[in-house]
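*Asks:* So the chains spell out like this:
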Amino acid sequence: MTETSSMAPAQQESGSQTLAVRASGVDRAFGGVQALRDASFAARPGEIHALAGENGAGKSTLIKVLCGLIKADRGTVEIFGTEVSRVVEPAARRRMGVATAFQELSLLPDLTVAENLLLENPPRGRLGLVKRRGLGPAAEEILGRYGVDDIDPRATAADLSVAQRQVVELVRVLAGEPRVVILDEPTAALADRQVEWLAGHMRQLRDAGSCVIFTSHRWREIEALADRVTVFRNGTHVATRDTLSEAEAVTLMSGRSFAGAYPELTTVPQRESALRVKGLHSGRLHGVDLDLRRGEILGVGGLAGQGQRDLFLTLFGAQKARQGTITLDGKAVAIRSTKDAIRAGIAYVPEDRKAEGLFLPLSIRDNIAAATLSRRNTAGFVRRGAERTAVGSIVDQLSIGKGRSTNRAVDTLSGGNQQKVVMARWLLTDARILLLFDVTRGVDAATKHDIYELVGKLAAQGRAILYYSSETEEIAHLCHRVLVLREGRVAAELAGPVGDAERIVAASIKENHDA
Amino acid sequence: MREALRRVSIGYLVLAATAVAYLVVYTSRLGRFPTSFDYLSILNTTLPLVFVAIGQSLVVLTGGIDLSVGGMVSVCVAVTATTVSSSVFWLVVVLALGTACGALNGLIVAYGRIAPILTTLATLSIFTGLALRVMPVPGGSIPQEVRLVLTNPATPTGLIWLGLAVVGWLVLRRTRFGMRVYAIGSDEASARAVGVPAAAVKLKVYALSGLCSALAAVFYVSTTTSGDANAGNPFILTSIASVVVGGVAFAGGRGSALGAVAGAVALTLVIDILFFSGIDPLYQSLFQGLFLVVAVLLGTVAALAARRRRQA
Amino acid sequence: MSTRRVLYALGGTVAVLLVGAILHPGFASWSSLRVMLVVASFTGFVAAGQMLVVLVGGIDLSIPWVLNGAAIVLTTSSLGQTSRAPLAIVLALGVGALVGLGNGLGVAWLGVPAVVMTLGMNGVMQGLTLGLSKGLTCASCGSYAPEPLRGLFDGALPAQLFLWAGVGLFMTVLLTLTTFGRRVYAVGVNPRAAFLSGVGVRGVTVALYTLSGVFAALAGIALVAYGGQPSLGLGDPYLFESIAAVVVGGVSILGGRGHYLGVIAGSLTLVAVTTFLQAQRVPEYGRLMIYGLVILAILFAYGREKAHD
Amino acid sequence: ATPAASGKKAGKIKIALSNSFIGNQWRVEMENVYKAACAMPPYVDQVECSVFNAGNDVSTQSRQISNLISQGVDAIVINAASTSGLNGVVQQACDRGIVVVSFDNIVDNKCGLTVNTDQIKFGQQLAQFIVDELNGQGNVIMVTGVAGTGADNDRNKGAKDVFAANPGIKVVSTYTGMWDSATAQRATSAQLPNLPEIHGVWVSGGTDGVIKAFVAAKRPMPVVGGEAENGFRKFMAGLLTPKVNGMSIGQPPFLSVISLELARAVVKGEHPKESITIPFPVATSDNMVPGETVFPDLPDSFFADFTDSGPNATVILCQEAATDGTPCPGKTLDVNLGTP
Ligand SMILES: Nc1ncnc2c1ncn2[C@@H]1O[C@H](COP(=O)(O)OP(=O)(O)OP(=O)(O)O)[C@@H](O)[C@H]1O
Ligand SMILES: Nc1ncnc2c1ncn2[C@@H]1O[C@H](COP(=O)(O)OP(=O)(O)OP(=O)(O)O)[C@@H](O)[C@H]1O
Ligand SMILES: O[C@@H]1[C@@H](O)[C@H](O)OC[C@H]1O
Ligand SMILES: [Mg+2]
Ligand SMILES: [Mg+2]
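Sequence lines, in order, name chains A, B, C and D.
Numbering (our numbering) for the first sequence: 1 to 515.
Numbering (our numbering) for the second sequence: 516 to 827.
Numbering (our numbering) for the third sequence: 828 to 1136.
Numbering (our numbering) for the fourth sequence: 1137 to 1476.
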């Protein structure tokens, strides 16, 4: 395709009988936030179509409108030429062949994997009754068809790891052999191997004539997979192209351009140890030692689910250790609660900001002040002036919410700004040890960039940082040192910046690396 | 699902324990085993609660709660006692009325999107008023033939109905609708997102709860032989207690109506145990309260232990 | 956002009063208002406690017999003597606090669902109250509330109303100006995030249930002060009424949203509706039905708003 | 108060009292006098008594009665949670030859016996008193009892008939006081500001609460027809101000004792299987006798008609029997069932 245009695809391709999905002139607001404005989008059968845009660009909202989960305030949606704007019910769209994997996973936690997979189409026996005995085998067969053999169909969904849940969710969508497949950030929780697996199936579906739509914040995935790319910015269609370079894309998405993706690692860790861990057993951890120095960014790598989360949660007092010692600045400490951890100068920024970080209906100020309430009070009364000042300065520092009132509810902010709010909360604690757990997950390029710089600055201030990311690339570039976890133990230690993510991946899967 | 099975089995365990305790206090007090009279009267007095508890458990499985069962039972009792003696056809009307009351709840909850506890708090008042309108004075009657078929005091016809209720549940459990009920209770937003027509399912669940209340009312009138506009009140808290003792999770998605049935029977037996153990009647509710908390604690502890085992 | 709900709640009260005043002259006169305020204050007390636990997504079903138990403790320990009043009040409130503490510990530490814990506790309190007072026949059970307490209701502006205003002030200050209040809303909105922000979620929960017990006891004290003597079943009407007042007052039953000012309005609305229906000589069945319809109507008003956010 | 042991003691008959709820002082007194009677001759030698409370839950009461049947009691004395709800189980008791006597809130089932006052007349007589005192002219309010129960309904019916027959009487408000003084007081307080001048008040229960509400609202005191609460009688006797012109009709708590006697006599074959209606004790402001119809030292909530009096008294009980359930000193209890 040669035309570059800000012309909406719906107009370009109007009259074409071959469109699988078409949205035109769609508006959708959430309270005060205009998530989509006059948005248009079109995708054809037999293509993989990437939907790109910064956090809050409206990708997920568009997808929800397309699959009938929410209603557009204005505009039309067509599926294979049939106008469906009026029937807002995912069940109805499913019957038309539209299957969606959502950004917030939608597995049913109390049901088994089998029930999740077969909920709407269970095996039936006599009298049309569900054959419960048939559920397990049927699910096994489906999973087998997709080469998944490490997930027990009888396991309860809630007991699966995030990656496993993502896989089940994807299998659920793919197995329906839908004519339109929509995947919203399907790879965010997947390891590289699983990404490959997914890519294979997406291509297969496309080759079979389905329309595959997906979103991702990882450009190389878009580059590798997409036949066409649509870029959204501020709730509006910006461009649809056959090919697009990363630099171009970033410019289109943000309206700005960026130099190099990762900042230079210029700081040097100090000598003093800030945090020392010996023989830690907790959850999946079976004896982890580590020594984190002041001013150091220590990466924690490895395949997903090797105990990284247990390590972070235990250090933050949110999970009990079975065994092991923790030393802070040379003094042994017992961290029994998150309160203890905060008092000891430890901060934990979680990956899942909506579930673990934010108080969505509360104000920016309340959110940021939440971890430091006990510092600004007189006899239990909040010192509001002090609070306003403290919050105000950190908000400016991180440029959250474009200088608007901190009385705004956090759920009116974009994802990137929301993530910054969580960061701001912890910076206010003056923590000397920051546990950053996948803080860039689902964050757009511009915000990611801001976060990388912030992390560097924090290390330069002498703070000790433990850094985990599901994007191995990041760990390879940002960290002074990388510990690779495997099966709850430190399998390798690499000096940083590692630069090449492949080395970390290799260490993650190699057996008996340093034994 | 295994988790669910385990929680349900807590309800069965509690029932087993209360049954044993009942046998022990009964025999030690009276020097003989319970007779068929005892079993029969337990059966017949529990049946109304059993039905309300089944309806309540359906609602709780979707993550809701139905306080209006009290009002629905009252209305249906009032109508049953005032009409059925004129024509048995009225039984159908009663069942339809209960279903309609339930469906009204369902409409408000599913389409009006008002929290179940609030919706049913309001409709409880409305239905109770209606019952009082229909039957300002206790009384009425039910034909002997109906009694003999439903809760015959001499033969355990009640077992048939109990059996039918159980089979009804098992069938329901094995329909797609049944699976959807669990899906909604587990996570409504997700269930909707994966194509479960949540509103329609909830509407049906509340309607079913109304139907169960109507059935309970019919059995109530059959055991007591007449009606009273306040008859439903006690069922509000006892049905919730049954569901709880039966191991249905309040958050929804886990448990089974059969557990609630077990819970209902267990709660009835507790009354008898307290009676025969000679506990000062004034302290009775103390023990009932403790029973409730302990039964649920046992469930929680068992679930916790199981989780521990799985994680290790 | 939740301040808008407070306005709705107040608007509801005004609307009911206006309709009443138009259809029934004298309905909104001061003497009538005065009485409605007094009657609403009892609901207001229990609803304060109910609101606190609802704010963290809980519920307190033990209110009826905590209230009743405290009322009986007050008279049996004061024996109607003015000199013993302070001790008796402390004891009665203490009983409320103790039971609330038990609820809180059960919910927060043992993980018993609030519905179960408090329903069980209601039974326990009923059994204890009946048993220990021997069905209210114990030697001291016929005692009256001490004289000064009974004076709470005299005068053009009864002291009881000042007490309610005090409760209102306490609740508002607690919830909006203190760090505790901040923590309450945080726990109500997202307990996991609150926990990860170093908020002692269990501690906050326990404190709220304890307060709910105290408020139930306070209502018990006020009710004996009003009637002179306690009776059995004194608290029964307040179970559903406290929940109704809380939600009509705009507090979200899911937790995390609401202000006590709204609950005050909610209590008043409910009392005004009942009073009005009685003044109109609507029969009992009609009153029950209209009462339910009014609650539904108000909920629909909130529901409409919810659809937007 | 614990149920009797299983082994049948020679000669003693077993009579159980199954009460629904002790929700007010009346029920407490009713049980107390029952217990006291059981501890006095002739009952102490002839009868093995037990007492059960079920609360207002019909199915609990029904379970208890079933268990009493299993226990093989000879008679069951019932104050029912519902007039209709126990019909089934009562039938089963009758079928097994157990004597069932219900009182106060009686059971519909005709196979049982009843002991009660005439509830319709109760309502009528109070209403007639008000009409007479007002010379057939004036505004009246009716404070009713627990809606849906038999006693409430009969009393209301009696009263309404009388008021309706007097066109000069205007019933300006009717609401429930739930037979509870505190509730009645709250409801009345809330009503008063919206009511015109009230000349007469008819109360089914909770009378002292209604009067207190009038006092608090500083309204002129109307003529009052009400129950036998000691507090009401204190106002009638002028022990509390203002002095109230009223008529007090008691549903006597000793109905339980008469039921006990009827059950005993029927089991022993000393009395035919016949229900009993006793006259209710009536007191008016001009015949108040401290220590007999009003008790200055006892609480307001106490029901003052715990004993009958006069030459034709059905039963004479002492104050301790009503307040503590202790037997009256050195007395054989003589219950006069009237000549059948
Ligand atoms: N349920 C909601 N309530 C309030 N605001 C919302 C809601 N959902 C989305 N928004 C807002 O709408 C805007 C668009 O959000 P959307 O999730 O569509 O963006 P996105 O492109 O998917 O971003 P991301 O890449 O972070 O997933 C954002 O500002 C977001 O905060
Ligand atoms: N959801 C499921 N996923 C996988 N296997 C299942 C599932 N449900 C049932 N099974 C298997 O089928 C067998 C039979 O199930 P069964 O008929 O006992 O269901 P159930 O647990 O009784 O349901 P309920 O208790 O709700 O009636 C079980 O032993 C189990 O191994
Ligand atoms: O008959 C009534 C009785 O049942 C109730 O308990 O107290 C008041 C009486 O009038
Ligand atoms: Mg998105
Ligand atoms: Mg089963």
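Think of the hints as simulated: they come from the structure by calculation, not from any bench.
Just so you know, these numbers come straight off a predicted model, no measurement behind them.
A hint or two may mislead.
What the hints assert, rightly or not - Derived contacts from chain A toward chain B, CB cut-off under 8 Å, selection only:
(1) 107
(2) 119
(3) 148
What the hints assert, rightly or not - Calculated from the model, a selection of chain A residues having no Cβ within reach of chain C, i.e. all distances over 12 Å:
(4) 24
(5) 147
(6) 224
(7) 279
(8) 289
(9) 324
(10) 379
(11) 380
(12) 392
(13) 481
We treat Cβ as the ideally placed atom computed from N, Cα and C, and that holds for glycine.
*Asks:* Could you run down the list of hints and mark each one as holding or not?
*Replies:* Evaluation of the provided hints:
1. 107: The hint holds - residue 107 of chain A has a Cβ within 8 Å of chain B, the shortest such distance being about 7 Å.
2. 119: holds, 6 Å
3. 148: violated, 18 Å
4. 24: holds, 25 Å
5. 147: Non-interface label on residue 147 of chain A holds, nearest chain C Cβ at 34 Å vs cutoff 12 Å.
6. 224: holds, 36 Å
7. 279: Holds, since 25 Å exceeds 12 Å.
8. 289: holds, 25 Å
9. 324: holds, 21 Å
10. 379: For residue 379 of chain A, whose nearest Cβ neighbour in chain C is about 9 Å away, the distance does not exceed 12 Å, so it is violated.
11. 380: Incorrect as stated: the minimum Cβ-Cβ distance to chain C is 5 Å, not above 12 Å.
12. 392: Given that every Cβ of chain C is farther than 12 Å from that of residue 392 of chain A, nearest at about 17 Å, it holds.
13. 481: Residue 481 of chain A clear of chain C: closest Cβ-Cβ about 26 Å, beyond 12 Å.
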